[in-house]
Each structure stands twice: as structure tokens, then as C-alpha cells.
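Undergrad: From first to last, the protein sequence lines are chains P and G.
Its first residue numbered 1, the first sequence is counted upward by one per residue in the working numbering.
Its first residue numbered 1, the second sequence is counted upward by one per residue in the working numbering.
To be clear, the hints were calculated from the coordinates, so they are not data collected in a lab.
Where is the CB? At the ideal position from N, CA and C, for every residue including glycine.
Any given hint might turn out to be false.
Have a look at the derived ranges for each label pair, beta carbon to beta carbon [claimed, not checked]:
| # | chain 1 | residue 1 | chain 2 | residue 2 | range |
| --- | --- | --- | --- | --- | --- |
| 1 | P | Asp168 | G | Asn126 | 52 to 62 Å |
| 2 | G | Asn126 | P | Asp214 | 37 to 47 Å |
| 3 | P | Asn120 | G | His122 | 57 to 67 Å |
| 4 | P | Arg156 | G | Ser264 | 11 to 21 Å |
| 5 | P | Arg232 | G | Ser264 | 21 to 31 Å |
| 6 | G | Lys177 | P | Asn120 | 40 to 50 Å |
| 7 | G | Pro231 | P | Ile145 | 50 to 60 Å |
| 8 | G | Glu160 | P | Asp214 | 35 to 45 Å |
| 9 | P | Lys237 | G | Lys165 | 44 to 54 Å |
| 10 | P | Lys237 | G | Pro231 | 45 to 55 Å |
| 11 | G | Ala191 | P | Ile145 | 14 to 24 Å |
| 12 | G | Ala198 | P | Pro153 | 49 to 59 Å |
Derived DSBU-like pairs (lysine-lysine); straight-line CA-CA distance at most 30 Å [unchecked claim]:
| # | chain 1 | residue 1 | chain 2 | residue 2 |
| --- | --- | --- | --- | --- |
| 13 | P | Lys119 | G | Lys17 |
| 14 | G | Lys232 | G | Lys128 |
| 15 | G | Lys483 | P | Lys119 |
| 16 | P | Lys119 | G | Lys392 |
| 17 | P | Lys175 | P | Lys146 |
| 18 | P | Lys119 | G | Lys177 |
| 19 | G | Lys177 | G | Lys155 |
| 20 | G | Lys201 | P | Lys167 |
| 21 | G | Lys128 | G | Lys17 |
| 22 | G | Lys482 | P | Lys119 |
| 23 | P | Lys119 | G | Lys108 |
| 24 | G | Lys128 | G | Lys165 |
| 25 | P | Lys164 | G | Lys177 |
| 26 | P | Lys164 | G | Lys330 |
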Amino acid sequence: MSPPLELDYIGLSPPAAASAADASDDLKGTELRLGLPGSESPDRRVAAAAATATLELLPAKGAKRGFSDEAPPPPSAAAAGKGKKVAEDEEVDKKVAAAPQPAAKAQVVGWPPIRSYRKNTMATNQLKGSKEDAEAKQGQGFMYIKVSMDGAPYLRKVDLKTYKNYKDLSTALEKMFSGFSTECGCNAISGKDGLSENRKDGEYVLTYEDKDGDWMLVGDVPWEMFADSCRRLRIMKGSDAIGLAPRAGDKSKNRN
Amino acid sequence: MAYFPEEVVEQILGFVKSHHDRNAISLVCRAWYHIERLNRGSVLVNNCYAVRPERVHSRFPRMRSLTVKGKPHFADFNLVPAGWGAMALPWVDACARACPGLEELRLKRMVVTDECLKLVAHSFANFKSLVLVSCEGFSTLGLATIATNCSVFLKELDLEESVVKYRGHHWLNCFPKPSTSLETLNFACLAGEVNAHALEKLVERSPNLKSLRLNRLVPFDVMARMLARTPKLEDLGTGSFIQGFNAGVGLHLPVFNAFRRSRSLKSLSGFWDAAGLHFQVIYSVCKNLTCLNLSYAPFIQSADLINIIRQCTKLRTLWVLDNIGDEGLKVVASSCAELEELRVFPARTAVHPRTALTEEGLVAISSGCRKLNTVLYFCERMTNAALIAIAKNCPQFTSFRLCIMEPRSADPMTGQPLDEGFGAIVQSSKGLRRLSLSGLLTDNVFLYIGMYAEKLEMLSVAFAGDTDNGMIYVLNGCKNLKKLEIRDSPFGDAALLAGMQRYESMRSLWMSSCNITLGGCKSLAASMPSVNVEVIDEGASSIDEADEDANNARKVRKLYLYRTIAGPRGDAPGFVSVL
């Protein structure tokens with residue numbers, strides 16, 4: 001193989017970052033450029049030219065903008081050119097003391113090289129996640145909510161996290177409020193899930209207030225969903241519960 | 001050679017599986033060419049446009065397994081517009097006519113329609129395995145025809161990272177009864193709901209299941225029950241950890257027990273919505289894991305990651321997100337001495353991730369995991385010193401892909417380009433076959449690559465280089481180069497034409513947003529009849545003859561050229577000009 005060509009990369013010759021920047025200014029006309037005509041292509045060499053200079057001095061010259069100049073990139077620049085230009089600016093900004101980033105950065109198409117499958121998957125994940133994050137923050141170990149019963153002189157508090165399903169919850173509530181009524185909770189126990197569909201039989205009906213502030217009938221949605229959205233419980237007198245229309249529609253749409 | 005009986009050569013050939021070796025054998029002499037071609041059962045076509053399907057069938061009449069790859073690699077990053085091509089139908093059609101005994105079909109980056117799947121389902125009596133990687137164009141209806149009509153022999157249905165249109169979930173019901181031969185079922189990419197009951201029934205009647213990858217909508221209690229019924233399961237892609245009866249409240253007892261009892265599980269993936277305590281369920285299998293993919297689990301915190309990884313002492317393959325941080329990677333380095341492959345993906349896909357992943361993480365890995373040979377690393381910064389250290393620690397890289405998120409990032413400590421760092425990598429890893437560059441790079445790095453990367457087969461370049469010389473160094477130096485893909489780099493016609501002697505021995509070249517002109521491409525096309533030169537210009541006016549000089553001076557946005565014996569392709573869409 002022929003001996004490697006000795007090429008003088010102006011940007012790489014050690015001394016005088018200043019002169020290097022000058023020289024690169026002169027050569028701009030002959031330099032190979034990327035991007036469509038009319039767009040200002042960033043001067044790549046200036047980064048190299050700062051070889052000996054510390055990075056903080058970088059914004060001094062050349063086509064790169066100092067961080068003091070934060071005008072947004074010219075709107076006429078093509079996406080590709082804009083993306084690169086802003087990318088260069090970001091580099092400078094990062095290296096110098098923290099300066100506020102320019103507003104919306106243009107994304108270069110296909111960069112970073114992440115498969116669209118992965119991007120789409122993560123986007124969906126994160127959409128769901130932002131909802132779940134807020135819920136998870138609701139205290140890791142416990143979830144105490146107030147339980148009121150119509151006619152009882154005082155309220156109680158229960159930790160929803162100690163129950164696995166509706167049956168456990170209604171058994172516990174029954175024990176808790178057994179002193180107040182002989183009929184308490186029995187209407188809430190029968191039925192497959194521990195919940196009765198037939199409200200006419202018992203005297204009391206178990207309802208809860210959800211995140212949106214609506215009063216819902218307990219038992220319509222899967223336990224987990226209920227536990228996540230329940231803010232307080234109310235053991236309501238059966239006679240008051242007539243006309244309570246459970247809004248199952250929206251909530252169970254997302255059920256599997 | 002004349003006295004060497006054919007039967008003996010055939011016997012020997014039976015042990016030769018590698019495509020590379022078989023291709024070499026077929027070039028020895030005419031006799032061996034014929035023996036080999038009649039003996040080859042597994043055929044790999046790396047570029048669906050390099051050869052016509054009929055030709056493949058006439059050369060290999062005893063084919064049992066066909067693998068075809070379609071679109072260029074950069075199609076993964078949305079650089080190839082929709083409708084470009086790579087239709088699977090012509091291939092399936094040819095197989096249906098010439099090779100009814102086909103048992104395996106693997107397609108990558110191709111467009112597969114439901115019609116195509118129907119043809120597969122009805123044409124091959126012994127069909128065993130369908131693998132569609134990064135494919136698109138089909139729906140769950142197509143899957144239903146496969147499940148229904150492919151006989152009891154169907155062992156493998158793998159839809160890795162494909163895009164599948166949702167047209168109902170009854171396809172799971174369609175698999176044969178009373179039992180199936182399924183060993184691999186991967187529908188992790190499926191976007192729609194899955195009938196949990198049908199899925200459970202399917203798993204119940206598939207006693208040979210070794211690999212099962214669920215999509216994120218499978219409720220976790222369903223997964224727990226299935227796990228309990230699949231004693232041979234070695235590879236599991238989980239479903240949801242949030243949806244399911246008895247979900248939440250931190251109690252995943254059935255799942256926990258199912259994992260605890262599974263003795264054969266070696267590979268885990270999925271975890272889409274898992275967070276915090278959910279991960280405890282897998283602690284019991286960690287010590288047996290050889291393969292762990294947590295790169296689709298954005299909610300896992302660094303502390304949980306560390307707890308898991310500490311126990312995965314036999315791990316060979318690890319895919320994670322960059323929120324593992326440098327600290328997390330240091331734990332990997334100290335816990336996973338057997339690690340061979342590491343991929344670290346960005347948790348946020350914007351150019352400026354807020355992550356604590358720097359070059360330190362990879363340096364730690366390289367010093368702790370001495371068997372490391374495959375790396376894909378997205379990070380915010382990298383230094384020459386780090387790369388040099390990594391190169392010294394791990395001289396056996398076969399694939400090294402580094403993506404510094406910011407294009408043209410210099411070494412943050414010295415301000416220098418990263419030429420020296422990458423140069424150290426190629427110099428030290430003599431077996432390097434795949435390399436992806438990023439960061440600030442001058443022509444020097446290409447000089448090093450040309451000089452040292454003798455075994456390099458695939459090179460990906462982005463935002464790098466200064467002059468044509470960069471590309472020329474590579475074309476001249478890397479004798480084994482098969483695929484070269486370049487974007488946003490200042491290489492022009494001189495570089496393009498300098499490779500004229502090379503393109504026939506390479507598989508393909510991709511150049512986008514470079515400095516090549518239409519005229520350059522045309523003259524290349526004119527002098528190379530065995531190479532298809534395609535120019536992709538979406539939105540641009542068609543190439544007309546009117547003002548030829550001005551036309552020829554136009555910059556070409558996307559160029560894809562590849563060697564072929566099939567001539568110019570007939571299915572090129574309007575925005576592709578085959579020169």
C-alpha cells in the first residue's frame with residue numbers, strides 16, 4: 001500500500017487556535033459543505049482547532065456561535081442543516097457554563113440510530129408510564145383511606161394495600177363496622193367477586209369516591225384498578241343508593 | 001481430484017454449515033460446485049435484489065431452508081421511504097412452485113402481505129419454521145392462516161420486532177388441536193390484545209414450548225399460570241406486570257412461585273411496565289440467566305437493576321437502558337464475568353438524554369468482562385483515553401458500535417477528534433467485523449480503519465470525515481468490506497468513483513446526505529453493469545434529460561448501490577431511479 005498521504009488538517013495543527021480559526025474562515029469558500037444550498041453549514045474544524053485551547057474559549061471565533069448569542073436558528077435553513085447547526089450550538093453551550101438551551105431543537109432524521117420499532121415501543125410505554133408514575137408515588141408501603149358509614153358517629157381508616165381482593169375488603173369492613181348495624185356489609189359479600197349485584201336485598205351499599213371525585217359502586221372494575229383510583233369509601237344506606245348509576249363505561253375500557 | 005468419490009465429498013459437506021465456507025467450497029472446481037449445490041439445504045440470500053428467486057431454486061434444488069434479507073440497514077432509522085420495495089411475495093411464489101418441501105422461511109426487513117402468508121400456509125406440507133424479523137405489511141389475519149393451515153409440524157413462529165396490523169385476536173385459537181409441535185412462539189411485537197383464554201389453552205397443548213415471548217397486554221396472572229405449565233421453557237418474554245387479576249398491591253405471589261419453580265429458564269425479556277418490586281419475582285432465576293433484556297423496561301430504577309444484575313453471574317448477553325448509569329455498569333463489570341454481549345440503549349430518544357452514562361461505564365465493563373466481544377453503546381460522551389483503555393482491555397471485539405448522541409462530539413477532555421480512540425480499537429481487535437463510528441472524526445480515523453481493520457465487513461459512518469480521502473482509505477484498505485453505509489459526511493464523486501473496483505466484491509453501499517452528484521452516480525452506473533445504482537429522491541422532480549448539466553450537478557440525497565446478477569429491478573417505485 002502506498003505510504004499514507006500527509007495531509008495538513010488545518011484544524012489539527014497544534015499552535016494558535018486563533019490563527020486556525022482565521023484560516024478556516026478564509027477557506028470557507030473552498031471547504032466541502034453539507035446541507036442544501038442556502039443553509040449555513042457549521043464549521044466542523046473549529047472544534048478541532050481548539051485542540052490546545054481549553055474548551056471554554058471555544059466560542060471566540062468562527063462560525064460557531066458564542067453562548068451569548070442565542071438567536072434561534074434561521075427558519076429558512078433546511079432541516080438537515082438546521083439540525084447540524086443546532087447540534088453544534090449545543091456542543092458549545094454544554095462545554096461552557098450552563099446557559100439556557102435554545103428552544104425547540106430540530107431533530108435530525110434517523111438520528112440517533114434507534115430502530116423505529118424501539119422508538120414506538122418506548123413511546124407507548126412512557127405514555128402509560130406517566131400515568132402510573134403518579135400513582136406509584138402515592139406511597140410505597142401503604143394506602144390509607146377514610147371509610148365512612150351512614151349513621152356511624154365516626155369514620156375509620158383502612159389500608160387498601162393489605163387487601164388482595166374485594167372479598168377481603170368487605171370482610172374487613174364488616175368486622176370494622178359490625179357494631180353499628182346488624183345488616184352491615186352482608187349485601188356486599190355475596191356474589192362471585194365478593195360483591196352483590198343486587199342492591200335491593202341489603203340495607204347498605206359500598207361505594208367509593210374515585211380520583212375524579214365521582215362516587216362509584218364498588219366492584220365494577222378489577223381490584224387493582226379500584227385500589228389505584230379509590231380515594232375514600234362510603235358505606236351508603238341502600239335507600240339512598242337508588243338512582244346511583246355506576247359509570248362502568250370509561251373505566252373498564254382499558255381492561256384487558 | 002478425479003478419483004475422489006462424490007459420496008465422500010458429500011459426507012464431508014454434511015458437516016459444513018457455514019454459508020461462507022460453502023460458498024468457498026463451491027468455487028474450488030466444477031465438480032465440487034455441483035456436489036455442493038445439490039447438497040445445500042440452507043440458503044442465505046443477503047440482498048433480495050441481488051439474484052432472482054428462480055435462479056436460487058435452480059441452483060439449489062434441495063433447499064429446505066431459505067433466508068432472505070430485503071431493505072438496507074438504514075431503513076431501520078426511517079431513512080428508506082415506504083414503498084421502496086423488498087416484497088416477499090416473489091420469493092414465496094417461487095418457493096411454492098419450485099420447492100414444496102420447504103421447511104423454514106426467514107425474512108428480514110421485507111414487506112410480507114397476508115396474501116403472502118396465505119401462500120406460505122398452503123404451499124408447504126412440511127413447513128416447520130417462520131421467522132419474520134423487522135418485517136411489515138401483514139396482519140393477525142395472516143397469522144391466523146398460518147396457524148390454521150400449517151400442519152402439526154409447525155415448530156416456530158417468531159415475529160421479532162415486526163409491525164403487525166391488528167385484525168382481531170382469534171389467530172391464537174387456530175393452532176392445531178389436540179396438540180401442537182410449537183417450540184418457539186414470539187409475538188412480543190403485537191400491538192393488540194390477545195385472547196388470554198386462547199393463549200392459555202394453546203400453551204397447555206404445546207408441551208415442547210421452549211421459547212415464549214408475550215406481548216405487553218398479556219395479564220400477569222395468565223403468564224404465571226402458563227409458566228407453571230411449561231417446564232421446558234428456556235426463554236420467556238413477559239407480558240404485563242400491571243394488568244391482571246390480583247395485580248398491584250405488590251403481591252405477585254403466583255408469578256413469584258412460578259419463577260421459583262422454573263428450573264430451565266435461561267433467558268428473559270419484556271418487562272414493559274414492570275417497576276420496582278415487580279422485579280423481585282425474578283430473583284430466583286437470576287443465577288441461571290444467560291440472557292437478559294431489560295431494554296424495554298423504562299420504569300426500572302438503577303437500584304433495582306443493580307440488585308438483579310448482582311445475582312446474574314452467568315450472564316452472557318445483557319441489553320439495558322442507559323438509566324443503569326456508570327454505577328450500574330460497574331456492578332455489571334464486577335458481577336458478570338462471562339458477559340459477551342452488551343447493548344445499552346437510550347431511555348429517552350431525544351438527542352439530549354438526561355442520563356449519567358459516560359465513557360466510564362464502558363471502561364469499567366471492558367476491564368471486568370474480559371470475554372466481551374459485542375458492544376452497542378449509546379452515551380453522551382466518550383474520550384480517546386477511554387477508547388484506548390477499552391481497546392487494550394478487550395482485544396477480541398467482533399462488533400463495536402458506539403453512538404455518542406450528539407453528532408460530531410469531540411473528546412470532552414482534550415477537544416480532540418476521536419480518531420485515536422477508534423484507531424486503537426481497530427488496531428487491537430484484529431477480528432473486528434462490524435464497526436459503527438460517531439463523534440468528531442477526521443479523515444485520520446478512516447486511515448486507521450483502512451490500515452488495520454482487515455476483517456471488517458460492515459462499517460457505519462455518520463457525520464464524519466473531512467475529504468474524499470476518508471472514504472477512499474476505507475475502500476482501498478478493507479479488503480473484506482461487504483457493507484458500507486454513510487450518512488451526512490463530506491464524501492463526493494471522487495470518493496464514490498474511486499471504489500469502482502470494489503463494489504462488485506461488496507454487497508452494498510449506502511450514501512445519504514453526502515456530496516455526491518447525479519452525474520457521478522450516472523458515470524458509475526454506466527461503467528458497472530453488474531451493480532444496480534439506485535437514487536432515492538422523494539419529493540424531487542423526476543430525472544429528466546432537459547438540462548443535463550444542471551441535472552448532473554444536482555446533489556443526490558440518497559444513494560443505494562448493490563451488486564446483482566438480476567439486472568435492474570422491475571418493482572422500483574417512482575421515487576427510486578435505477579440508473
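Undergrad: Sort out which numbered hints this structure fails and list those numbers smallest first.
TA: 2, 3, 4, 5, 6, 7, 11, 13, 16, 18, 25, 26
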